[in-house]
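Protein chains: 4
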Amino acid sequence: MIVNNSTETDPNPQVGGFKIKAGIIGGAGYTGGELLRILINHPQVDIAFVHSNSNAGNYIYEVHTDLFGDTELKFTGELSHQIDVLFLCVGHGDARKFLEANPFPQSVKVIDLSQDFRLKEKSSISYQATDNSQPTTESRSFTYGLPELNREAIKQADNIANPGCFATCLQLGLLPLAASNNLNSEVHITATTGSTGAGQSLAPTSHFTWRNNNASVYKAFDHQHLNEIGESLTQLQPAFDKPVNFIPYRGDFTRGIIASIYLDSDLSADEVVKLYSDYYAGHPFTHVTTRNIDLKQIVNTNKCFIQVQKKGNKVFIISIMDNLLKGASGQAVQNMNLMFGLEETTGLRLKAAAF
Amino acid sequence: MIVNNSTETDPNPQVGGFKIKAGIIGGAGYTGGELLRILINHPQVDIAFVHSNSNAGNYIYEVHTDLFGDTELKFTGELSHQIDVLFLCVGHGDARKFLEANPFPQSVKVIDLSQDFRLKEKSSISYQATDNSQPTTESRSFTYGLPELNREAIKQADNIANPGCFATCLQLGLLPLAASNNLNSEVHITATTGSTGAGQSLAPTSHFTWRNNNASVYKAFDHQHLNEIGESLTQLQPAFDKPVNFIPYRGDFTRGIIASIYLDSDLSADEVVKLYSDYYAGHPFTHVTTRNIDLKQIVNTNKCFIQVQKKGNKVFIISIMDNLLKGASGQAVQNMNLMFGLEETTGLRLKAAAF
Amino acid sequence: MIVNNSTETDPNPQVGGFKIKAGIIGGAGYTGGELLRILINHPQVDIAFVHSNSNAGNYIYEVHTDLFGDTELKFTGELSHQIDVLFLCVGHGDARKFLEANPFPQSVKVIDLSQDFRLKEKSSISYQATDNSQPTTESRSFTYGLPELNREAIKQADNIANPGCFATCLQLGLLPLAASNNLNSEVHITATTGSTGAGQSLAPTSHFTWRNNNASVYKAFDHQHLNEIGESLTQLQPAFDKPVNFIPYRGDFTRGIIASIYLDSDLSADEVVKLYSDYYAGHPFTHVTTRNIDLKQIVNTNKCFIQVQKKGNKVFIISIMDNLLKGASGQAVQNMNLMFGLEETTGLRLKAAAF
Amino acid sequence: MIVNNSTETDPNPQVGGFKIKAGIIGGAGYTGGELLRILINHPQVDIAFVHSNSNAGNYIYEVHTDLFGDTELKFTGELSHQIDVLFLCVGHGDARKFLEANPFPQSVKVIDLSQDFRLKEKSSISYQATDNSQPTTESRSFTYGLPELNREAIKQADNIANPGCFATCLQLGLLPLAASNNLNSEVHITATTGSTGAGQSLAPTSHFTWRNNNASVYKAFDHQHLNEIGESLTQLQPAFDKPVNFIPYRGDFTRGIIASIYLDSDLSADEVVKLYSDYYAGHPFTHVTTRNIDLKQIVNTNKCFIQVQKKGNKVFIISIMDNLLKGASGQAVQNMNLMFGLEETTGLRLKAAAF
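Chains as they are written, first to last, in full-length UniProt numbering: chain B, 1 to 355; chain X, 1 to 355; chain V, 1 to 355; chain Z, 1 to 355.
Just so you know, these hints were derived from the structure itself, not from any lab. One or more hints might be untrue.
No distinction is drawn between identical chains; accordingly, a pair holds when it is met within one copy or between any pair of copies.
Stated by the list, open to error - Within a straight-line C-alpha distance of at most 35 Å, the following computed DSBU-like cross-link-like pairs (lysine-lysine) qualify:
1) 19 - 242
2) 311 - 155
3) 21 - 242
4) 311 - 19
5) 311 - 21
6) 314 - 274
7) 19 - 310
8) 310 - 74
9) 242 - 122
10) 21 - 314
11) 97 - 19
12) 155 - 19
13) 120 - 310
14) 314 - 97
15) 74 - 242
16) 19 - 219
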């Protein structure tokens, strides 16, 4: 492999007064790769290390082959504590184990992309650390990192549980109703996800021959993201106790989630539109419209589009976002920006793929 | 264009005692083409003519290019009354106009693939004809051609209104409940259709650049097929008066419809499975299962698969079929078979595309 | 799993005077499945057994899920010698091993879909058998099963080496030139194959996330099928000794191969067209045209379309066929038909998927 | 349509000492949209106007719907001369007409994305202008805007003819050989393009139903880009007079071109690799490798990857790039950066779509 022309100038000239040193655990997976694609162009981040057990010593671009020509970074099997933020891009269950086995100083902020700390009852961790050669017990408590729900808390947080992809898409479609106590009937949701939502491991349902031109339902009524969605809705509307019916589909595309949501409501069309517009007024990535939307409008961006309609006695919402960006790594960087006092959109004005 | 090797032997040797002479109006469109693909291999059909105004004089294979090598038939601009059955593959609204302008003898059975005669209040037509040089008024009355609902009536019918594609898929998912008076709550349906459902005319939503890797909702709660679905359900369960909510999606595949359907029910899982299995026991194309299904299992066949589950207090149904076959031209041939006393499956044991 | 409505009538009523009893080894793979899709509707075949070590005892439709409703056959781990023909749908290298370990009576014809016996120097096998309790050495000698090259020999053959998919597509594009001693310059070929060409095993290049909307080259100049192509060309034109350059591509579709081929030639356009038309005049599946062709015209059929042009001093050929049908299982049945004296097209008039 | 949260802060804070005022003609097409996606995030560009006759008065995001939330710009039917650079994103033939009908001051630089000025004999234009109310004849002479060929000339140029998409991909695959006088045999090229290469107009070959899972050849040996390729090759190697055979394919993906190229050569593998690496050493977007590449590695970036191999006596090259970026709008901005003395990569470090 030949990199004929390494980038000699720093692609990320320092704009503000500082650079955030970032470490990444599990850098060889989809969310790790997507995080790298963002961070190598983020003007206020230096990547301190990208950890991968299976790829230690290899160039980043040997795994994330699109990054050839962009970076000479290599994966490492070693960890450094000299960082400001640690991103955990490991499998569900492995984030908690990693932090227990590898205590980082409390000064290092953590953003976890797994589901390990999303639910309130599992949102903290205690582990044995060493402080000035003294064994001590330390703990971390995680804030649910959905900026449209918890922005102020995120700004103060040291540890973030980054929301799930379906969970982000569906919550963004429902939060304004919950915040105004307008969730008063059963909720009906169908959502279709791209193949990247299932990760890079090989499975019969990720085989091209099977998935191309195909569609299928899975985990109907049982998807694990319903739990975090439920917690967020009752955070805003504690009395909400109606069923949320969720039918997830596998789509034959790679990126993005499209959700259609409806429920009974006495609100008028204008009231619903105003409610959503007001709720998201200060949020730079979530946009409300009454026009027809389609999935590709947001692919390869950190944006979420929400189409709001009234159909008979139903509020009808369509919510679209990129599962790897607003649904994972993009939102992780959005959270990092908030935690470090940066403009929320820094490094996240991504060119849409569009086609 | 060179057909180097015309088929010299009759590909459809006469098996039973007769051949049905078929005429096709609107043979250049998707449903016309699909009908031709079936009929040229149907052992008891001779194609008398394939009418197309725009393509008169051209070889069939110049439009339906996959038929090159299979037939030397040409489109014609002329009509012949020397047929047993007439298939109308024209646009919505044009079937009624065609029959008014071109009265065929009553001895010619008609199978209309448009929506013109599907609803009971529009299911008949009167027109001026000429009988032994005497002007007379004739009329035709259409039977709704869903064999799983009306098989005995179809066998006796002279005129068939072939159901819509979504309408077929959704009714097959609901008929057993209606037939047993078990539709007792609001019904929630989401269904995704392939691009052939929109026909061959060019439109922004049929542009490859737009549709590839995309997904979108259209006509939510308003799809025109809801009317014929409603008539069938109340035919079986006259008291049914609950809303049927239907969210149609455009999928980024070419063939097939997948529908997910749920409603509240006190039936047990076993009861639901038995109910569906019993209802479809005598029907050769509609198959009930408790296994997970996926769209491509039925693509390029005349089959419908129905997956039945109980989830909490909900009956949950997934229904899949090929919109051009069981949802259009295949069902039209199935109806023809029934009308002419043939085995229902004749000419319809099609090899699935599978991949 | 419930099969609510088993097919009570024989879907394959006997037409001629006999039924061929067929056994299938390796029935759980892609070519095995495709063979089953053809044979269950073949009017003169009874499937005696479908062998699969990994799926013994399972219903066929549990693996080839599209066959649900079509057959109640199960995979078996046992072999029977009471058959007329044995299809080997196993991996390359395993066909030879299977025959050595499981000698079948010489009266059983063998059609092998692997590459084990395609090349002349490897086209026979000897093994220890038992004849009337006496150990004997038996042997089988295989005929290369490309009907457009070897039809008369196939009719006399007891053992067929079914050609490779690329090999079939490229040979059909070149045979008329070789047969007329018109291969007189270097040959340039690029061909793109669908994902089914790589079989059903999971691999990074078969992952939907990777392959969707992607394209890539593999085995450039080195593809193993070049050997069997070379043997066929020199069978017809022994003096041919020019390089055949072949660049294979992976396409982001599931079925089909499209090849573009050119070489220098003094032949006129008319001469080339005549040459191809004459060569394929008696062959029912291979059709020559001067119109533009596209891959989907032949998907899900046993046909090969060949577009012939002259461009400057080059003969320019485009050849398309379905890799699983004319490139594998369809051609295997075509060979069986020839071997047993049936009409060559029996059971192979398949409805094109078309879209 | 509601834009609930307009971007209040300037997304493009001025970094260097100036902002380039840009006007766009034909902003509603694919290349116009892609240019807008780049320029709204380009740190040293202000978009002065986006001209569209058919969309005057509409928001940009009504056409380029992915830009909703990113910009409140509208299309205009009016032109302003108060700009530094004018991008022409109009159809072939219309760029020349536009400049004749709308003379801009000579101080305004022009970058034309059509083919009107690419060939040397057509590379200049004269038109009637008005200078201080005096009618004068002015002229513009265009430089071929391929930075890897003409970077120094581009830096000095006032008018750029932006190369064609295929032309860029193929030239980048061949330039190092021409520059070293190593094009000494016939050249063989096959290249496949995505659907965006054909623009947004509706055509049968851009219909999703037709193109999905399909492949086809067009304009074999006759593609119009061969002319500009030929001029560039002889600019570097004036004696080159061998045929360049080019077979273009339509692929069933939206973005990107993949080309495979070979020719006879006495160069060793190492020599070829060195030759390519040296040639592109100073060019930030074109990267040379000996690893296997695949199309999606460069989709949604301005990069070109070139895989170099020696196969027998052939040099074998694979070249991949995004037809709308490096093959059109991205390269146009690259040219603008060079013309205005900016770092070549400014605004062009785009996140790859990757999947």
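Consistency of the hints with the structure:
no., hint, verdict
1, 19 - 242, "neither (46 Å within a copy, 55 Å between copies)"
2, 311 - 155, "neither (38 Å within a copy, 40 Å between copies)"
3, 21 - 242, "neither (44 Å within a copy, 55 Å between copies)"
4, 311 - 19, "neither (49 Å within a copy, 47 Å between copies)"
5, 311 - 21, "neither (49 Å within a copy, 45 Å between copies)"
6, 314 - 274, "both (16 Å within a copy, 34 Å between copies)"
7, 19 - 310, "neither (47 Å within a copy, 45 Å between copies)"
8, 310 - 74, "between (52 Å within a copy, 28 Å between copies)"
9, 242 - 122, "within (24 Å within a copy, 42 Å between copies)"
10, 21 - 314, "neither (48 Å within a copy, 47 Å between copies)"
11, 97 - 19, "within (29 Å within a copy, 50 Å between copies)"
12, 155 - 19, "both (17 Å within a copy, 33 Å between copies)"
13, 120 - 310, "both (33 Å within a copy, 30 Å between copies)"
14, 314 - 97, "neither (44 Å within a copy, 38 Å between copies)"
15, 74 - 242, "neither (50 Å within a copy, 44 Å between copies)"
16, 19 - 219, "neither (42 Å within a copy, 46 Å between copies)"
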